[in-house]
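Chains as they are written, first to last, in this note's numbering: chain A, 1 to 113; chain B, 1 to 115.
Hint data in this document are derived by calculation from the structure and do not stem from the laboratory. Keep in mind the model is a prediction, meaning the values are calculated, not measured. Mixed in with the good hints there might be a few duds.
[Claimed, not checked] Which chain B residues face chain A? A few, computed with CB under 7 Å, are given here: (1) G40; (2) G42; (3) F106; (4) G107; (5) P108.
C-beta atoms are modelled at their ideal positions from N, C-alpha and C, and glycine is treated no differently.
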Amino acid sequence: GESVGLHLPTLSVQEGDNSIINCAYSNSASDYFIWYKQESGKGPQFIIDIRSNMDKRQGQRVTVLLNKTVKHLSLQIAATQPGDSAVYFCAERSQGGGNKLTFGTGTQLKVEL
Amino acid sequence: EAQVTQNPRYLITVTGKKLTVTCSQNMNHEYMSWYRQDPGLGLRQIYYSMNVEVTDKGDVPEGYKVSRKEKRNFPLILESPSPNQTSLYFCASSPLGAPIAYEQYFGPGTRLTVT
Numbered sequence: 001g002e003s004v005g006l007h008l009p010t011l012s013v014q015e016g017d018n019s020i021i022n023c024a025y026s027n028s029a030s031d032y033f034i035w036y037k038q039e040s041g042k043g044p045q046f047i048i049d050i051r052s053n054m055d056k057r058q059g060q061r062v063t064v065l066l067n068k069t070v071k072h073l074s075l076q077i078a079a080t081q082p083g084d085s086a087v088y089f090c091a092e093r094s095q096g097g098g099n100k101l102t103f104g105t106g107t108q109l110k111v112e113l
Numbered sequence: 001e002a003q004v005t006q007n008p009r010y011l012i013t014v015t016g017k018k019l020t021v022t023c024s025q026n027m028n029h030e031y032m033s034w035y036r037q038d039p040g041l042g043l044r045q046i047y048y049s050m051n052v053e054v055t056d057k058g059d060v061p062e063g064y065k066v067s068r069k070e071k072r073n074f075p076l077i078l079e080s081p082s083p084n085q086t087s088l089y090f091c092a093s094s095p096l097g098a099p100i101a102y103e104q105y106f107g108p109g110t111r112l113t114v115t
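Working from the sequences, and respecting the hints, build out all of it.
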């Protein structure tokens, strides 16, 4: 079946540095992608989304890049803070898939002081 | 405050003892779903519901049941739990249709251990 995966299970960065979390997806029919943040003991929280007709979208301190040619999604966090420490998931929606999302396995981001 | 609540948050039980995990949302969302989260596998959908009395299987429905008698509630039922159902469970809700992601809310999770 289709899968969404992440390149690195753990990413350690120094406070103040930029973080880049990557995600590969295999369903070329996916038309919508989301990044979630999950802090310890909590449910996933929406960070930012992007539609397949875009290649970049910016939020507050976060940027999502979409490369449909190589089916790659990335999340960039600027000036990483201790509060950014969490697990980050990408998720995709298949075109015509309604509300159903397929989630990646997650990357643990650790921010070192 | 818009939220999804789940109960219990933690549960340890024995094989074969029926249990129910409740889920409730206060946002009048049509779409609700249950996920399980296991290390290295990400969130996998168990069941979903598009409205009252409308439910359907997700990717891993075996061993689970759900019901949707009211719009706000979507309980997950394990008739005869087994150790392979030990997992972290999340309920989520959103409006029906093209997902407006920032309106998709997840509950806080239920940690279930089956011995």
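The hints, checked one at a time:
1. Because the beta carbon of G40/B sits about 6 Å from the nearest beta carbon in chain A, less than 7 Å, this interface hint is met.
2. Nearest Cβ of chain A to the Cβ of G42/B: about 4 Å, under the 7 Å cut. The hint holds.
3. Interface restraint check for F106/B: the shortest CB-CB distance to chain A comes to about 3 Å, inside 7 Å, so the restraint holds.
4. The interface hint given for G107/B is met, as the beta carbon of that residue sits about 5 Å from the closest beta carbon of chain A, less than 7 Å.
5. The interface hint given for P108/B is met, as the beta carbon of that residue sits about 5 Å from the closest beta carbon of chain A, less than 7 Å.
No hint from the list above goes unmet by this structure.
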